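We have chain A already, so just place chain B on it with the hints.
Letter by letter, the chains look like this.
Number of protein chains: 2
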Amino acid sequence: MKELEERIKADGTVLSGDVLKVDQFLNHQVDPDLMFAIGQRFAQLFADNNITKIITVESSGIAPAIMTGLQLHVPVIFARKHKSLTLTDDLYTANVRSFTKQTDNQITISKKYLTSSDNVLIIDDFLANGQAVFGLLEIAKQAKFNVAGVGIVIEKSFQPGAQKIKDQGIRLESLAKIKSLADGQVTFMSAE
Amino acid sequence: MKELEERIKADGTVLSGDVLKVDQFLNHQVDPDLMFAIGQRFAQLFADNNITKIITVESSGIAPAIMTGLQLHVPVIFARKHKSLTLTDDLYTANVRSFTKQTDNQITISKKYLTSSDNVLIIDDFLANGQAVFGLLEIAKQAKFNVAGVGIVIEKSFQPGAQKIKDQGIRLESLAKIKSLADGQVTFMSAE
Numbered sequence: 001m002k003e004l005e006e007r008i009k010a011d012g013t014v015l016s017g018d019v020l021k022v023d024q025f026l027n028h029q030v031d032p033d034l035m036f037a038i039g040q041r042f043a044q045l046f047a048d049n050n051i052t053k054i055i056t057v058e059s060s061g062i063a064p065a066i067m068t069g070l071q072l073h074v075p076v077i078f079a080r081k082h083k084s085l086t087l088t089d090d091l092y093t094a095n096v097r098s099f100t101k102q103t104d105n106q107i108t109i110s111k112k113y114l115t116s117s118d119n120v121l122i123i124d125d126f127l128a129n130g131q132a133v134f135g136l137l138e139i140a141k142q143a144k145f146n147v148a149g150v151g152i153v154i155e156k157s158f159q160p161g162a163q164k165i166k167d168q169g170i171r172l173e174s175l176a177k178i179k180s181l182a183d184g185q186v187t188f189m190s191a192e
Numbered sequence: 001m002k003e004l005e006e007r008i009k010a011d012g013t014v015l016s017g018d019v020l021k022v023d024q025f026l027n028h029q030v031d032p033d034l035m036f037a038i039g040q041r042f043a044q045l046f047a048d049n050n051i052t053k054i055i056t057v058e059s060s061g062i063a064p065a066i067m068t069g070l071q072l073h074v075p076v077i078f079a080r081k082h083k084s085l086t087l088t089d090d091l092y093t094a095n096v097r098s099f100t101k102q103t104d105n106q107i108t109i110s111k112k113y114l115t116s117s118d119n120v121l122i123i124d125d126f127l128a129n130g131q132a133v134f135g136l137l138e139i140a141k142q143a144k145f146n147v148a149g150v151g152i153v154i155e156k157s158f159q160p161g162a163q164k165i166k167d168q169g170i171r172l173e174s175l176a177k178i179k180s181l182a183d184g185q186v187t188f189m190s191a192e
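Protein chains in written order, with full-length UniProt numbering: chain A, 1 to 192; chain B, 1 to 192.
Treat each hint with caution, since some may be false.
Stated by the list, open to error - In silico lysine to any residue, SDA-like type, Cα no more than 20 Å apart, as pairs: (1) Lys-83(A) - Leu-172(A); (2) Lys-81(B) - Asn-50(B); (3) Lys-111(A) - Lys-141(B); (4) Lys-83(A) - Leu-85(B); (5) Lys-179(B) - Gly-17(B); (6) Lys-166(B) - Ser-190(B); (7) Lys-21(A) - Lys-112(B); (8) Lys-83(B) - Glu-58(A); (9) Lys-9(A) - Pro-75(B); (10) Lys-112(B) - Glu-58(B); (11) Lys-81(B) - Lys-111(A); (12) Lys-111(A) - Thr-13(B); (13) Lys-111(A) - Ser-84(A); (14) Lys-141(B) - Val-96(B).
What the hints assert, rightly or not - To give an idea of the interface, some chain B residues facing chain A are shown, with a C-beta separation under 8 Å as derived from the structure: (15) Gln-29; (16) Val-30; (17) Pro-32; (18) Met-35; (19) Phe-36; (20) Pro-75; (21) Arg-80; (22) Phe-188.
Said to hold, decoys possible - The following label-pair restraints were derived from C-beta to C-beta distances: (23) Asp-90(A) - Gln-142(B): 16 to 24 Å; (24) Asn-146(A) - Pro-160(B): 42 to 50 Å; (25) Leu-87(A) - Leu-85(B): 44 to 52 Å.
Hints listed in this document are in silico derivations from the structure and should not be mistaken for laboratory results. What you are looking at is a predicted structure, and each value in this text was computed from that prediction instead of being measured. Note that CB positions come from ideal geometry on N, CA and C, so glycine has one too.
Here chain A stands alone, though its shape is the one from the complex (with noise of 0.2 Å):
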């Protein structure tokens, strides 16, 4: 997506350990028009893929799902971050590593909200290790719903999470392909 591609370029700042900063436009401040746009693309995407629910992880998450979810016209369900739980009789749970944090999280999404019926996109704003979408994949296994795709704004190609998606025979789409962030410089893939 190409102008998510020159916001990055104009907007992203890349610290050490490739972390590429965003906060200036989808993880701090949000820029409401591109993720309007980011929505749309993921509609078109997915058109034709009879979505019911849109499933995503809290905080991040949330402004490129509800934007897709209002083109699609379906509910958008932000999963919990929560340190520890005792009491998850009505929730799913699934563990998820931060490796940027080295800490481990439980995401829970309400069992009132997901049946084995229901055909799911998952959307979250970055992939690199993976490790949140295969929370939710975790909980697409114990709800048995369908995962129809996985929808990434931004992913890091050069760390695993991508591939071991693709892996497991899951559709994936990513709007921005980071294939490099060395030496301080944003090298996409080539051109979607």
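Below, chain B alone, put in the same frame as chain A:
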């Protein structure tokens, strides 16, 4: 806002201790079309106020805030919640007490994204004791930006937050005002 009140009546659940659960359409599962209508209403109410930025607090404030930003075409900043912080040089921080969870959090906004020339609309999903709004007003004092007003999706008018905001001379626009949750029933204030 009629549509919102009807949705609260239909899909909200009153729990003990004056808790209104609206996780079917607002703060866990989210209805994007309703959020769009909410954003449209806030955008109408503040159309003549030359808003330059919208601020909210993660996570439940993000959906209504981003839909308002979409219609006012201004950036949305969501404050991050942290248990506590040591490095805060480049951050505005304020303390927020959660009465329901009996915990203290710090909320933070990067100093990069707010200046004294900004004219800011605060959006949040719920107003009860007003702690989140007062945290954002504390950041407004530090950053010296103007607060044009506060937009709330659901105000629990029987709790002190709404009056405390109005007592400071700040414009408050709440789309649903709940007079009482007594006996498990939602009673609204007189219609807008």
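Original post:
Regarding the pair Lys-83(B) and Glu-58(A), is the alpha-carbon distance no greater than 20 Å?
Top reply: 16 Å, holds
Subject >> Hinted pair Lys-112(B) and Glu-58(B), Cα distance within 20 Å >> reply: 18 Å, holds
Subject >> Hinted pair Lys-179(B) and Gly-17(B), Cα distance within 20 Å >> reply: OK: Lys-179(B) and Gly-17(B) at ~15 Å, within 20 Å.
Original post:
Given the hint that Lys-111(A) pairs with Ser-84(A), does the C-alpha gap stay at or below 20 Å?
Top reply: Status holds; Cα separation ~18 Å.
Original post:
When you check the alpha-carbon spacing of Lys-81(B) and Asn-50(B), does it fall within 20 Å?
Top reply: 28 Å, violated
**OP:** Assess, step by step, whether the Cα of Lys-83(A) is no farther than 20 Å from the Cα of Leu-172(A), and give holds or violated.
**Re:** 28 Å, violated
**OP:** Could you say whether the range 42 to 50 Å given as a hint is met by the Cβ separation of Asn-146(A) and Pro-160(B)?
**Re:** Once the Cβ atoms are compared, 47 Å apart, the range 42 to 50 Å for Pro-160(B) and Asn-146(A) holds.
**OP:** Take a quick look at whether Lys-21(A) and Lys-112(B) sit within 20 Å of each other, Cα to Cα.
**Re:** Given that 20 Å is the threshold and the Cα spacing comes to 13 Å, the pair holds.
Subject >> Agreement of hint Phe-36(B) with chain A interface, Cβ distance less than 8 Å >> reply: 6 Å, holds
Original post:
Lys-9(A) and Pro-75(B): Cα distance at most 20 Å?
Top reply: 19 Å, holds
Subject >> Status of the hint placing Pro-75(B) at chain A (closest C-beta pair under 8 Å) >> reply: 5 Å, holds
**OP:** Return the status of the interface hint for Val-30(B): holds when the least beta-carbon distance to chain A is below 8 Å, violated otherwise.
**Re:** For Val-30(B), the interface hint holds, since the closest Cβ of chain A sits about 5 Å away, which is under 8 Å.
Consistency note: the structure conflicts with the earlier hints numbered 1, 2, 3, 11, 22, 23 and 25.
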